[in-house]
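Here this note's numbering is used: the first residue of the sequence shown is 1175, the next is one more, and so on.
What the hints contain is simulated information worked out from the structure, not anything from laboratory work. Do not rely on the hints blindly, as some may be mistaken.
Claimed, not checked - 25 angstroms max Cα-Cα, derived SDA-like pairs, lysine to any residue: (1) Lys1205 / Glu1223; (2) Lys1205 / Met1175; (3) Lys1225 / Glu1256; (4) Lys1193 / Arg1247; (5) Lys1193 / Arg1220; (6) Lys1205 / Gly1253; (7) Lys1177 / Arg1258; (8) Lys1205 / Tyr1236.
Claimed, not checked - Now the in silico label distances, taken between C-beta atoms and shown as ranges: (9) His1179 / Asp1259: 16 to 22 angstroms; (10) Leu1250 / Lys1177: 16 to 22 angstroms; (11) Pro1186 / Gln1210: 29 to 35 angstroms; (12) Met1175 / Asp1259: 25 to 31 angstroms; (13) Glu1274 / Lys1225: 19 to 25 angstroms; (14) Arg1268 / Arg1215: 17 to 23 angstroms; (15) Lys1242 / Leu1189: 33 to 39 angstroms; (16) Asp1251 / Val1275: 20 to 26 angstroms.
Each residue gets a CB set at the ideal place from its N, CA and C atoms; glycine is no exception.
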Amino acid sequence: MIKHHILWRYTPDGLAYGKEALTAELNRRFKGLVGQLEGLRFIEIRSTEVKADPGFHDLLLYAEFDDKAALERYMLDAGHAEIRDWDQQYVCDRAGFDYEV
1175 MIKHHILWRY
1185 TPDGLAYGKE
1195 ALTAELNRRF
1205 KGLVGQLEGL
1215 RFIEIRSTEV
1225 KADPGFHDLL
1235 LYAEFDDKAA
1245 LERYMLDAGH
1255 AEIRDWDQQY
1265 VCDRAGFDYE
1275 V
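Can you make the complete structure from the sequences, with help from the hints?
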């Protein structure tokens, strides 16, 4: 299994959209991919509840994939690209980390 993590910071438009509303909308969009993409087991967006340091990010995407091939399919998927294109107006400064368990 591959665990996939992406961290984002809000843009000014993201702050205006609202933390709870943006988290809910991103969850709705990303969770719609589960069952549509082979090998995508789980995906969720979480917003930080306690920002202990100004260097911390605002949002986390966490996903689980069957294997590297499933992660690669997700990365190239048109549905994923559509979400990524939409969310770039609200989130920026991405950091990612993947590992196999």
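- For methionine 1175 and aspartate 1259, compare the CB-CB distance with the range 25 to 31 angstroms and indicate the outcome. Distance hint for methionine 1175, aspartate 1259 holds at roughly 28 angstroms.
- Task: Measure nothing beyond the straight line between the CA atoms of lysine 1193 and arginine 1247; if it is 25 angstroms or shorter, mark the hint as holding.
- Result: 29 angstroms, violated
- Task: Given the range 33 to 39 angstroms, decide if the beta-carbon distance of lysine 1242 to leucine 1189 lies inside it.
- Result: 35 angstroms, holds
- Evaluate the given range 17 to 23 angstroms for the C-beta pair formed by arginine 1268 and arginine 1215. This hint holds: roughly 22 angstroms between Cβ atoms.
- Message: Given the hint of 29 to 35 angstroms, is the C-beta distance from proline 1186 to glutamine 1210 inside that range or not?
- Response: Given about 32 angstroms between the Cβ atoms, the range holds.
- Task: Quickly compare the C-alpha distance for lysine 1205 and methionine 1175 to 25 angstroms and report which way the hint goes.
- Result: 18 angstroms, holds
- Message: With the threshold set at 25 angstroms, check whether the alpha-carbon distance from lysine 1205 to tyrosine 1236 stays at or below it.
- Response: Within the cut-off at roughly 11 angstroms; holds.
- Message: For a C-alpha distance cap of 25 angstroms, please report whether lysine 1205 and glutamate 1223 respect it.
- Response: 21 angstroms, holds
- Message: Taking the Cβ atom of leucine 1250 and the Cβ atom of lysine 1177, is their distance within the range 16 to 22 angstroms?
- Response: 19 angstroms, holds
- For the pair supplied as a hint, lysine 1205 and glycine 1253, confirm whether the alpha-carbon distance does not exceed 25 angstroms. 11 angstroms, holds
- Task: Using the Cβ atoms, figure out if glutamate 1274 sits within 19 to 25 angstroms of lysine 1225.
- Result: 30 angstroms, violated
- Using the C-beta atoms of aspartate 1251 and valine 1275, is the stated range 20 to 26 angstroms upheld? Holds, since aspartate 1251 and valine 1275 (Cβ atoms, about 22 angstroms apart) stay within the stated range.
In this structure, the earlier hints numbered 3, 4 and 13 are contradicted, and the remaining ones agree with it.
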